[in-house]
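Q: Residues per chain are reported as follows:
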Amino acid sequence: MAKGSNTVVRVSGLRRAFGSTVILDRFNLQVREGEAIALTGRNGAGKSTLLRLLVGADKADEGTIEVCGTPMTETSAAIRRDMATVIDDLDFFPDLSVVEHLDLLARAHGVENPDPLVDEVLEEVQLVPQSGQLPGTLSSGQRRRLALATAFVRPRRLLILDEPEQRLDVEGVTWLANRLKNEREQGLAIIFASHEPRLVQTVATRVVTLGAPRAGAENLLAGTDPDEVLSADGETPVADDVAPKPPKPQAAKQQGGKGGGRPGQPKGRPRPRQGGRR
Amino acid sequence: MTASTVGSSGPYDPLEAIRRADLTPARPRELKLMVRDWRSGRATKKLSEAIFDGYVVLFGVVLVGAMIVNVVLQAQRVVASCATGPCLSGRTVLPWAAYALAAAGALAAARLFGPVLASAAEGFWMLDAPIRRSSMLRARMAGIIAGAGVICFVLGGLVSALTGSTWTSILIWAAATGVAGAGAVAFAAAQQGAERRLLTKLATWLFTALGVAALLAVIAVAAGWVTLALPTGFNPELGVALLGLALVVLVIGAVIASARLGRIRRSTLTSGGALVSGISGAFFALDLGLVRDIVVERRALEIGQVRSKPGRSVGLQTLVWRELQRLGRAPQVLIAVAVVLVVPYAADALGLGQVAPVFSALALFGSLIPLMGGLRVFTRTPGLARCLPFTTGQIKRAVVTVPAIVAAVWALLATPAFAGFGQGSTRRDVVAAFLYAVAVGAAGFLGAVRWTTAKGPDFSKPAISTNAGAVPPGLMTNIFRGFDMCLLITAPLLLNLSPVISLVLAGIVALFLLAFDFEAMRIQSEQQRKQMEAERAKRNAARK
Chain A
1 MAKGSNTVVR VSGLRRAFGS TVILDRFNLQ VREGEAIALT GRNGAGKSTL LRLLVGADKA
61 DEGTIEVCGT PMTETSAAIR RDMATVIDDL DFFPDLSVVE HLDLLARAHG VENPDPLVDE
121 VLEEVQLVPQ SGQLPGTLSS GQRRRLALAT AFVRPRRLLI LDEPEQRLDV EGVTWLANRL
181 KNEREQGLAI IFASHEPRLV QTVATRVVTL GAPRAGAENL LAGTDPDEVL SADGETPVAD
241 DVAPKPPKPQ AAKQQGGKGG GRPGQPKGRP RPRQGGRR
Chain B
1001 MTASTVGSSG PYDPLEAIRR ADLTPARPRE LKLMVRDWRS GRATKKLSEA IFDGYVVLFG
1061 VVLVGAMIVN VVLQAQRVVA SCATGPCLSG RTVLPWAAYA LAAAGALAAA RLFGPVLASA
1121 AEGFWMLDAP IRRSSMLRAR MAGIIAGAGV ICFVLGGLVS ALTGSTWTSI LIWAAATGVA
1181 GAGAVAFAAA QQGAERRLLT KLATWLFTAL GVAALLAVIA VAAGWVTLAL PTGFNPELGV
1241 ALLGLALVVL VIGAVIASAR LGRIRRSTLT SGGALVSGIS GAFFALDLGL VRDIVVERRA
1301 LEIGQVRSKP GRSVGLQTLV WRELQRLGRA PQVLIAVAVV LVVPYAADAL GLGQVAPVFS
1361 ALALFGSLIP LMGGLRVFTR TPGLARCLPF TTGQIKRAVV TVPAIVAAVW ALLATPAFAG
1421 FGQGSTRRDV VAAFLYAVAV GAAGFLGAVR WTTAKGPDFS KPAISTNAGA VPPGLMTNIF
1481 RGFDMCLLIT APLLLNLSPV ISLVLAGIVA LFLLAFDFEA MRIQSEQQRK QMEAERAKRN
1541 AARK
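For the protein sequence lines, the chains are A and B, in the order given.
Just so we're aligned: 70 in our numbering is position 70 of the first sequence, and the numbers increase by one with no gaps anywhere.
Position in the second sequence (first residue = 1) + 1000 = our numbering.
Please note that a few of the clues may not be correct.
Some chain A residues close to chain B (C-beta under 10 angstroms, calculated; not the full set) [said to hold, decoys possible]: (1) Ala78; (2) Met83; (3) Asp103.
The calculated lysine-lysine pairs, modelled on DSBU-like cross-linking and capped at a C-alpha distance of 35 angstroms, are [claimed, not checked]: (4) B:Lys1530 / A:Lys59; (5) B:Lys1201 / B:Lys1045; (6) B:Lys1046 / A:Lys59; (7) B:Lys1032 / B:Lys1045; (8) A:Lys181 / B:Lys1544; (9) B:Lys1538 / A:Lys59; (10) A:Lys59 / B:Lys1455; (11) B:Lys1455 / B:Lys1530; (12) B:Lys1046 / B:Lys1455; (13) B:Lys1045 / B:Lys1461; (14) B:Lys1538 / B:Lys1309; (15) B:Lys1530 / B:Lys1461; (16) A:Lys59 / A:Lys181; (17) B:Lys1201 / B:Lys1046; (18) B:Lys1530 / B:Lys1544.
Keep in mind that the hints were calculated from the coordinates and are not lab data.
We put the CB at the ideal spot given by N, CA and C, even for glycine.
One chain only, chain A, in its complex shape:
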């Protein structure tokens, strides 16, 4: 695996609360080139909130996010150049075809002859027959594939994906897992939220579990215990990573999560602001 020493994403002391519900508190994360971070946890644990903060679609109450050394601003051209995202707010031109969208993105990123790349990605996401269709006529799965294709058709250093396996068939999930694994091995940094154990197992070098598990749901990621995943590539978590691993079974209770907070923190109450952060 081509794991570099360059830090691509650095998150420090992130806090996000909705009213009295604290979703993330004092969240730290550092992602280097060639690393893939899987965010797991129950629905509402804060995975999507964290990803929305990372891409700048939402604003943190406290804390900082840097992408390739640039402070996060959603409208920053430098960040947009480096970061490819697939979260749920991707929109399409109603009157541009599938292939035209990909051509537009590639050219906008400076790819002078994008046809071979676009064709390759279209074939990979199995949208060749739909290449002339307008986005409104695509099925939900096809739209998902198009959204994924937009991330692969352009230059990138960081990939952020929110449940990329959504609406994909079994074959599609397998393709996606291999594709993301290849991306990671080529040195890309990846942060993704997922409920799909196969995807997490194949792609992730680290697993960050957010929120508290439901009763009986501790083994959702059977065989993907954070420690096991971390050891799959012989990696160890970085020192200031988000998820210091307390003894099981509280492993999933430690960080964020709606009404969660840190161990010992009463549910549903915001943690008082603290000056000293890592």
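We have chain A; now place chain B onto it with these hints.
A: For chain B alone, coordinates are given in the frame of chain A:
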């Protein structure tokens, strides 16, 4: 019908139920009565509350209606006394334009919505049942045709009254326009029953062209380019003839449509219902941008597939080229801009040169909105903009380049109108007229930019308490977005001030709408504030 009524004893056998000869499907009327029966006793209001609400609504309608009627009557009296060329040409030709444009509008709306439609619930629960679909839909179709007739009747009557026609003429043209609208919808319904749309589309274009030609004729006559020598009494006679023609179309269309009602597919009926439901939801939120998005998405669904074209250039230029290609894919939006070019000429020809800038800017604003599709996609959700390696400001400027060029060409072509040519119009030299035209073009363009980039009301934020109840922030102000820019920029022209003031105002507005990235500025200032606080804390610690 329940399981207990079918089959003698034992478990319900659906095959046995089908085989039994004495089973007859329910009639739509029976189903409706049954639904009414279920609903009875579930009212959410007391009778007294319903009567009070009804009284308030009735009182409001009567009050506002009386005011409108009063204004129309007064205007009719004033305009009827006018005997100048522009007044006479307007009085003669504008009812023709209203007739044609009302029919075109009715056809376009009918083609968009169905015109016969059904809600998703009806589609699932009733249209799936073995009932006679035609008998269920007939009353609805009649209602839609009648509704179109009433709206077009009012429109035709208003145009005739406001041009100073006699009461006989007003009645004749109101009836002719009303029946034309109803006939257009009946014609579209007949085409819908045969799953055809081409004739309806052609008819829409034909009537639009006739309406525009009539508007052009008003200008030409008013400007003295053409003489309209019609015999006395021609206009009412023409109105009666057109009324008769529309009546024939209405009757034949309604009969054919009625015969074909049973053939309309469920998906066709429910897609129209879904569209109405979506649009009405957007109207309740007063989100006109969303209304347009729904209609645009619907049209794209109808088209389905396009012949893909390769892009050109790289970087920001590729966005500009794509906008140009998108315009080439739907060049009909330029027709609206061309038609709007009539407004400054018509206003000047009719002696309304003083208010021509305001009317022209408002009309241009409306006609430029369809060209702002790219800007709309990039601003309604940030996802696509995030995929591109440019700042939001750069993206906005790139995607409005083509509409800006169109607006500039419009301004150039409108310059002669602002130089003044009609009777009693204000004469200006070419430079002043050009500055007027540019200011009006900028007002229309920036109005369209502001309208397109408007965010919908934010229902997640705390509502504002008003006399009308809790209102989400931005709900009311959203309605005026775009209009405000047109009025702000053209106000100096209306007050006979220098057009340079308008241009300066337009420049400031353009900076705010297209140049500044307020989000980036906010974040930058926040970072600076944090840095300063950290430095201050360090200094304080060192002192201690």
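Q: Now, for every hint given, state plainly whether the structure supports it.
A: Tested hints:
1. Taking 10 angstroms as the C-beta contact cut-off toward chain B, the hint placing Ala78 of chain A at the interface holds, the least distance being around 8 angstroms.
2. At a threshold of 10 angstroms, the smallest CB-CB gap from Met83 of chain A to chain B is about 8 angstroms, leaving the interface hint in force.
3. Evaluation of the Asp103 of chain A hint against chain B yields a held restraint, the C-beta minimum of about 5 angstroms falling below 10 angstroms.
4. Of the supplied pair hints, the one linking Lys1530 of chain B and Lys59 of chain A holds, its CA atoms being roughly 16 angstroms apart against a limit of 35 angstroms.
5. Only pairs whose Cα atoms come within 35 angstroms are accepted, and Lys1201 of chain B paired with Lys1045 of chain B is rejected, the gap being roughly 45 angstroms.
6. A threshold of 35 angstroms between alpha carbons decides the hint, and for Lys1046 of chain B with Lys59 of chain A the separation of about 47 angstroms lies outside it, so the pair is violated.
7. Restraint check for Lys1032 of chain B and Lys1045 of chain B: satisfied, since their Cα atoms lie roughly 22 angstroms apart, inside the 35 angstroms limit.
8. Of the supplied pair hints, the one linking Lys181 of chain A and Lys1544 of chain B is violated, its CA atoms being roughly 53 angstroms apart against a limit of 35 angstroms.
9. Restraint check: the Cα-Cα separation between Lys1538 of chain B and Lys59 of chain A comes to about 27 angstroms, which is no more than 35 angstroms; the hinted pair holds.
10. Distance hint between Lys59 of chain A and Lys1455 of chain B is fulfilled; the C-alpha atoms sit about 18 angstroms from each other, no more than 35 angstroms.
11. For the hint linking Lys1455 of chain B to Lys1530 of chain B, the alpha-carbon distance of about 30 angstroms falls within 35 angstroms, and the restraint holds.
12. For the given pair, Lys1046 of chain B sits about 38 angstroms from Lys1455 of chain B by alpha-carbon distance, which is inconsistent with the 35 angstroms threshold.
13. The straight-line distance between the Cα atoms of Lys1045 of chain B and Lys1461 of chain B is roughly 29 angstroms, inside the 35 angstroms bound, and the hint therefore holds.
14. For a cut-off of 35 angstroms, the pair hint linking Lys1538 of chain B to Lys1309 of chain B is broken: about 59 angstroms separates their Cα positions.
15. Using a Cα cut-off of 35 angstroms, the hinted pair Lys1530 of chain B and Lys1461 of chain B holds, with the two alpha carbons roughly 27 angstroms apart.
16. Between Lys59 of chain A and Lys181 of chain A, the direct Cα distance comes to roughly 30 angstroms. Compliance with the 35 angstroms bound is thereby established for this hinted pair.
17. Between the alpha carbons of Lys1201 of chain B and Lys1046 of chain B the distance comes to roughly 48 angstroms, so the proposed pair goes past 35 angstroms and is violated.
18. Taking the CA atoms of Lys1530 of chain B and Lys1544 of chain B, the gap is about 21 angstroms. The hint holds against a cut of 35 angstroms.
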